[in-house]
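Protein chains in written order, with this note's numbering: chain P, 35 to 286; chain V, 5 to 485.
These aren't lab readings, by the way, just hints derived from the structure by calculation. Yeah, the Cβ is synthetic: ideal placement off N, Cα and C, and Gly gets one too. Each hint should be verified, as a subset may be incorrect.
Said to hold, decoys possible - Quick list of simulated restraints, FRET-style, between CB atoms:
(1) K281/V / K50/P: 32 to 38 angstroms
(2) G431/V / G230/P: 37 to 43 angstroms
(3) E459/V / T92/P: 56 to 62 angstroms
(4) R462/V / K101/P: 39 to 45 angstroms
(5) R462/V / D170/P: 44 to 50 angstroms
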Amino acid sequence: MALLTIKNLHASVAGKEILRGIDLTVNPGEVHAIMGPNGSGKSTLAQVLAGRDLYQVTDGQVLYDGKDLLTMPPEERAQEGIFMAFQYPVEIPGVSNMYFLKAALNTIRKKRGIDELDAMDFLTMVKEKLALVEMDPAFLNRPVNAGFSGGEKKRNEIFQMAVLEPRLAILDETDSGLDIDALKIVANGVNLLRTGDRAMIVVTHYQRLLNYIVPDYVHVLANGRIVKSGDKQLALELDQSGYVGLEEAVTA
Amino acid sequence: MSTTAPLIETLANQEYKWGFVTEIEADSIPKGLSEDVVRMISAKKNEPEFMLEWRLKSYRQWLKMEEPQWPNVHYPRIDYQDIIYYSAPVTKVAPKSLDEVDPELLRTYEKLGIPLKEQEVLAGIAVDMVFDSVSVATTFKAKLGELGIIFCSFSEAVQEHPDLIKRYLGSVVPYSDNFFATLNSAVFSDGSFVYIPKGVRCPMELSTYFRINAKDSGQFERTLIIADEGAYVSYLEGCTAPMRDNNQLHAAVVELVALDNAQIKYSTVQNWYPGDKQGKGGIYNFVTKRGKCLGINSKISWTQVETGSAITWKYPSVILMGDNSVGEFYSVALANNYQQADTGTKMIHIGKNTRSTIVSKGISAGHGQNTYRGMVKILKGAAGARNYSQCDSLLLGDQCGAHTFPYLEVKNTSAQVEHEASTSKIGEDQIFYCRQRGISAEDAVSMIVHGFCKEVFRELPMEFAVEAQKLLGISLEGSVG
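The following block holds chain P by itself, in its conformation from the complex (with noise of 0.2 angstroms):
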């Protein structure tokens, strides 16, 4: 059964259609990219599916692991398994990662029939995963992201979905403001939570961070619907021509 699957999807921001009927199904253990241009709707769609209330969804439907998402508040999303990796992740100034962390774990373990984690077991847990991202454990004890580079902000987020486990990550332009050491990183990490029962949506405006982090399936964003869908080759053709014409095809 699919994990994901999204069928006509529409939303508008402030009475704007910003996707205009989106169709996707995504199974477990595949990657998908979404690609296009700035303001085709490939934040929008990753901030529907996490349930950011700024946006109103006006059609359509979306079930998740054959459940109806769009009626779930973002919490009950993350605690089914659901993780954003936010394009500009948040400052929570006098909140320490680690007790950040703890917090969103045991409520998601909670929802999921398992016990919590007590202090001991959770620090050696976290330990291992911070080594995928190559960050400091004395990281653990800053409060989130405040004060944070825009590399260590994502490598954070990336750390975050080692320690949550998600049934399907969403990252949000993950790459956007890393340079090529901070990107391999991330996305080294990124391949190590791959696994065969995890699905992933990579949203990125650019082709870049599909040689690290090597798609299943490619598909391209304009004006808020998928215009074209393929494999890994699809990014690299882009890469070379652009997104104008594929614009220019939807609109016309």
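Given chain P, put chain V in place with the hints provided.
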């Protein structure tokens, strides 16, 4: 926003959990204030002549005083003739043990989550309960007595230890200090008294639960704590009050005296009825708290978590007289719905190398107005004095307010004074980030607020810190905007 709003609505509609009235026969005198009433209070308590004189002196002074208008709070005029100035639960014989205490009274405390018996045995806390105006039970007295520690009701101290009362009463907050303190000096009904003798470290946290009960009885508590040379004591004050429609005036006075090398740590969690969501009802909390570091190397530390009351007006202060003495003030003040808080501290540096620390965390939500008002005064002789002040404000929603009025007066050039301030707001994006990680909106707010307050919470004794965190969570639930 659309999904959070109904949730917030539900949570914001939660009733004040501690609103109930205990049915106990009360012995009250009629409403109003006059010299006769002052004499009647003193007579009812069978006080010695010097106490009556002191009360009368205060009353006459009070008649000449004006209610202060400078605080940044607004409330209808108080009719001081419409207040009952004395109300005591009727007991035939003074209880010798808890078994003799009115079971109804004990149940009240159980509802508040402080089963006295359990506390006695498990927590090792000596609780001097002030129910309305008379202390009804004093525990662990014998154990403390062995160390020479006196922990009793103020009335009892007047009878048993008049010399200490004569010597220290009004020595920190004079009878003429301010409108509310002077009123208290005239009509105070009871309170707590603590004396820690030389070199004694009090082996347990001393704790008092205040509770206003009889309808329309203003509560005028008075607390006096003396730590003799080299002594140490940690004192906890926690408050809840039943639900009321009428505003109730509370004008307490707390005086602390620390002699050479002595330390007093005074912690408060204040959770009186804040009024309803429209700002109706609630306690007017006009309190004068001050400590005097009389001796060298002495230390007085105030920690407060103020979540209740319709209006809070208090400035726990320290007069640093002894050389090398230390004053501290750690505060979390919350103003939600229509609550108003004007609170802060005064640090008066007189002795050499005196040091003070001020950490104030103000949280405003709903239509709440939160004011920090603090004064750091360094007198001419206070060579090498140092102060560090930090005032942070956190806003939830856009209809509340945070105000900061720091006053600095430095008359010695060798002094160092530092002041830091910040204002932040809990944003929708922060809440969403937390929710995307599986944490509910209210847990997210509670987590962020706790993070904001932790510098203050860690100054509280453990059990108190847990209680304070819960209170804050409950008081803030549903205030994300």
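Hints versus structure:
1. For K281/V and K50/P, the hinted distance range of 32 to 38 angstroms is satisfied, since their beta carbons lie about 36 angstroms from each other.
2. A C-beta distance of roughly 38 angstroms is found between G431/V and G230/P, which places it inside the suggested range of 37 to 43 angstroms.
3. Hint check: E459/V to T92/P, Cβ distance near 47 angstroms, so the stated range 56 to 62 angstroms is violated.
4. Evaluation of the 39 to 45 angstroms hint for R462/V and K101/P yields a pass: the beta carbon distance comes to about 43 angstroms.
5. Checking the proposed 44 to 50 angstroms range against R462/V and D170/P shows it is violated: the Cβ atoms sit about 25 angstroms from each other.
Violation of the numbered hints given earlier is confined to hints 3, 5; the remaining hints are satisfied by the structure.
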